[in-house]
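The task is simple: from the sequences and hints, build the whole structure.
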Amino acid sequence: MSAARWPTMGADANIGTRVHSFDFSTDGLPRKDQFAAWRASWAAAFDLTELESGPKTFSGRQKVWDLGGLAFSRVHTDELAFAGLAGHVRREPLDHWLLTLFVNGRSTTLADNDRLDGRTGAVQLHPLGRVFEGTVSQSDILMLFVPRDLCREMTHVLDAAAFSRLEGAMGRIFADYMVSLARRLPRLEASDASQVVATTRAMLLACVAPSPDRLEEAGNMIANVLLERARRYIQANLHDPELGARGLLRELGVSRSRLYRLFEPSGGVMHYIQRRRLLAAHSMLADANNRRRIFEIAESCCFADGADFSRAFRREFGCSPSDVRAGTAHVVPDWKHGEFDEEGAPAQRLNTLLRRLQG
496 MSAARWPTMG
506 ADANIGTRVH
516 SFDFSTDGLP
526 RKDQFAAWRA
536 SWAAAFDLTE
546 LESGPKTFSG
556 RQKVWDLGGL
566 AFSRVHTDEL
576 AFAGLAGHVR
586 REPLDHWLLT
596 LFVNGRSTTL
606 ADNDRLDGRT
616 GAVQLHPLGR
626 VFEGTVSQSD
636 ILMLFVPRDL
646 CREMTHVLDA
656 AAFSRLEGAM
666 GRIFADYMVS
676 LARRLPRLEA
686 SDASQVVATT
696 RAMLLACVAP
706 SPDRLEEAGN
716 MIANVLLERA
726 RRYIQANLHD
736 PELGARGLLR
746 ELGVSRSRLY
756 RLFEPSGGVM
766 HYIQRRRLLA
776 AHSMLADANN
786 RRRIFEIAES
796 CCFADGADFS
806 RAFRREFGCS
816 PSDVRAGTAH
826 VVPDWKHGEF
836 DEEGAPAQRL
846 NTLLRRLQG
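Every letter in the sequence shown is one number past the one before it in this note's numbering, and letter 120, counting from 1, is 615.
Worth flagging that the hints you see were computed from the coordinates, not collected in a lab. Everything numeric in this text was worked out from a predicted model, so none of it was measured. For each residue, glycine too, the CB sits at the ideal point set by N, CA and C. Some hints could be false.
[To be verified] Listed next, with one range per pair, are the computed distances between beta-carbon atoms:
{"id": "1", "residue 1": "ARG756", "residue 2": "ARG678", "range": "39 to 45 Å"}
{"id": "2", "residue 1": "ASP803", "residue 2": "SER778", "range": "18 to 24 Å"}
{"id": "3", "residue 1": "ALA701", "residue 2": "PHE790", "range": "44 to 50 Å"}
{"id": "4", "residue 1": "ASN784", "residue 2": "SER752", "range": "42 to 48 Å"}
{"id": "5", "residue 1": "ARG614", "residue 2": "ALA701", "range": "19 to 25 Å"}
Structure, rendered in structure tokens:
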């Protein structure tokens with residue numbers, strides 16, 4: 496595919512019944528604030544670092560479309576370094592897959608023993624839940640964020656293709672499809688978003704073809720399958736107060752050390768379970784039709800002590816359960832499609848969208 500030119504797009508379609516979109520740019524900000532603002536706008540997905548050889552001013556622009564089950568972004572960035580959040584203390588990584596297409600520019604990603612060189616016209620796949628780091632030149636990039644829940648039955652295939660390019664004829668077809676999305680999204684009706692998500696999912700599963708050497712990495716494949724089974728088990732038993740490592744060990748048939756390694760990037764088994772319970776509690780508190788009292792919701796999510804629940808809730812979301820119930824909280828991890836705080840900090844809108852896709 497020839498992708499030397501940025502896709503031509505029409506006027507901003509963030510009106511009427513168009514698919515919801517939003518913009519953020521560092522242009523116009525004071526120089527001292529430009530990179531910090533750009534870094535903050537990606538904080539849910541990456542840790543960004545300014546390169547010493549970088550420009551005197553930093554230019555970063557993003558336009559993001561919320562498709563309900565996917566996020567699609569058109570990005571311009573000056574050169575920088577990036578790192579995934581897995582392994583960061585007090586930073587929990589998203590478990591989305593990220594597909595990037597360089598319209599122009601290049602990148603290098605290092606992950607374990609893998610090196611991935613991104614180049615113009617090729618789609619590459621990063622799992623945000625893994626450890627990686629790299630650099631990117633001044634670039635124009637198309638980005639597709641795919642939540643794990645969207646492709647549950649094919650997670651092992653996508654995980655096997657981690658840190659690789661989509662090669663061959665099918666890879667070029669998917670690159671063309673991403674360019675087509677960038678051209679069409681500004682005119683897409685909101686009512687068509689679900690069909691775009693279904694089509695994108697089908698295209699992705701048809702085009703991802705892991706190389707033979709990756710399929711031979713049985714250890715990684717088994718780990719991916721086990722982790723997926725564990726996540727499904729946790730979600731199905733989220734309101735069971737007995738849910739913990741013991742039940743997971745029985746379900747998966749693995750050793751305790753193997754189980755702990757699986758959940759190490761998420762801060763451990765119990766940390767992952769508690770976070771899923773807090774997300775469930777937040778969703779119930781934010782639901783205007785759910786009139787159960789706060790302590791009843793806390794109990795249903797296996798918090799026996801109201802004070803412990805409130806402290807854990809505030810640590811996770813930066814607000815109290817009563818703030819969410821009253822509708823005064825500023826950060827809402829489970830916003831429905833199209834609901835953005837247009838008066839809030841623009842730099843945080845992508846972070847909020849990606850977290851909502853996660854939970």
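Results of checking the hints against the structure:
no., hint, verdict
1, ARG756 with ARG678: 39 to 45 Å, "holds, 44 Å"
2, ASP803 with SER778: 18 to 24 Å, "holds, 19 Å"
3, ALA701 with PHE790: 44 to 50 Å, "holds, 49 Å"
4, ASN784 with SER752: 42 to 48 Å, "holds, 44 Å"
5, ARG614 with ALA701: 19 to 25 Å, "holds, 23 Å"
Every hint, counting from the list given before, is met by this structure.
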